[in-house]
Amino acid sequence: MYRIIDAHTHIFPAPLAEKASKSIGDFYDVAMSYPASVEQLLAAEKEINAERMVVCSSAVTPKQVSSINDFISAECQKHPEFIGLGAMHPDYADYEAELDRIVALGLHGVKFHPDFQKFAIDDPKYFDVFRAIAKRGLPVLFHTGDKRYHYSSPDQLTTLMRAVPDMVAIGAHFGGYSEWEEAFRQPKNPQVFYDTSSALFELNRDLALRMIERFGIDQFMFGTDFPMWKPVEEIQRFLSLGLSESENQALFYDNCCRLYNLKPRGVEPHKLKSE
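The opening residue of the sequence shown carries number 165 in the numbering used here; numbering runs sequentially from there.
Calculated from the structure, these hints are not laboratory results. Just so you know, these numbers come straight off a predicted model, no measurement behind them. Take the hints with a grain of salt, since some may be wrong.
What the hints assert, rightly or not - Just the calculated beta-carbon pair ranges, DEER-fashion:
(1) Gln241 x Lys289: 32 to 40 Å
(2) Lys352 x Ala257: 32 to 40 Å
(3) Lys394 x Ala261: 35 to 43 Å
(4) Glu346 x Leu269: 32 to 40 Å
(5) Ala268 x Arg369: 41 to 49 Å
(6) Arg422 x Asp255: 27 to 35 Å
(7) Arg326 x Val267: 31 to 39 Å
(8) Val267 x Arg422: 14 to 22 Å
(9) Gly270 x Arg422: 14 to 22 Å
(10) Glu346 x Ser231: 32 to 40 Å
(11) Glu260 x Ser231: 13 to 21 Å
(12) Arg369 x Glu346: 12 to 20 Å
(13) Pro428 x Lys227: 19 to 27 Å
(14) Thr225 x Met165: 41 to 49 Å
Glycine residues also receive a C-beta, built at the ideal position from the N, C-alpha and C atoms.
Full structure from sequences and hints, please.
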């Protein structure tokens, strides 16, 4: 029996959900599993009995930042199972004020997708933005890695962390979508977490286990990357790693609670349908 938090999901307003999902699918040449709506997320997560979901959306342009943050905050108010992350664009003019608003809205971190936003995370001109985020104690979820681009590689995340050592980062997709060997070679850093989203469909099981052993079980979290994949299938891919029950529980729930300073909700743990 496991308590489950999905540490990586995306939502969009209902009128945009289907178009946004198609756009993401076209970018990755992947058939998307769902429209990226709140209703579809809740239905999909119910199939794995997830208690909570980290929800976010990427600001492709600076002008989208404030409206996305308003949307994510409003949905978190409606759905207490949501753990909201704010959006930020590195070229947003008054990032200090918007980061203060992200904190005031009760959001738990900040999301960047450098490949969509077309900026290199190791570009020194953006270091002050990340220093401002770190000063506020907000973890940063990065889409990380893509061998087609050079915006968010594992090496670039390491360079950024050396420049902003107080920041807490989550390197999504086992630290480097399609660049897992490079992710494995990075130095250990207790400020860097990882999620399992959009990785286990292709990542070699042996390499996945070696990464978990190298960086530590406490640095990993289960995530599905909804709407890209079906949570019920991602659960099975994750369980096929063959970790112990205590290790599974750490990735499913405990590490996410610790990272985002969450109090466990007063509900009983759920039994996976596969158990």
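Tested hints:
1. Distance hint check: the CB atoms of Gln241 and Lys289 are about 35 Å apart, consistent with the given range 32 to 40 Å.
2. Here the CB-CB span from Lys352 to Ala257 is close to 36 Å, well matched to the stated 32 to 40 Å.
3. For the pair Lys394 and Ala261, the supplied restraint of 35 to 43 Å holds, since their beta-carbon distance comes to about 39 Å.
4. Against the hinted window of 32 to 40 Å, the Cβ-Cβ separation of Glu346 and Leu269 comes to about 35 Å, which satisfies the hint.
5. For the pair Ala268 and Arg369, the supplied restraint of 41 to 49 Å holds, since their beta-carbon distance comes to about 43 Å.
6. In this structure, Arg422 and Asp255 meet the distance hint of 27 to 35 Å, their C-beta atoms being roughly 32 Å apart.
7. Taken as a hint, the range 31 to 39 Å is violated for the pair Arg326 and Val267, whose Cβ atoms sit roughly 26 Å apart.
8. Separation of Val267 from Arg422 is about 19 Å and conforms to the stated range, judged on CB atoms against 14 to 22 Å.
9. Between Gly270 and Arg422, the C-beta spacing of about 18 Å keeps the proposed range 14 to 22 Å intact.
10. Taken as a hint, the range 32 to 40 Å holds for the pair Glu346 and Ser231, whose Cβ atoms sit roughly 35 Å apart.
11. Distance hint for Glu260 and Ser231: a CB-CB separation of about 19 Å, consistent with the stated range 13 to 21 Å.
12. Against the hinted window of 12 to 20 Å, the Cβ-Cβ separation of Arg369 and Glu346 comes to about 18 Å, which satisfies the hint.
13. For Pro428 and Lys227, the hinted distance range of 19 to 27 Å is not satisfied, since their beta carbons lie about 38 Å from each other.
14. Remark: the range hint 41 to 49 Å for Thr225 to Met165 is upheld by a beta-carbon distance near 44 Å.
Hint compliance for this structure: hints 7, 13 are broken, all remaining hints hold.
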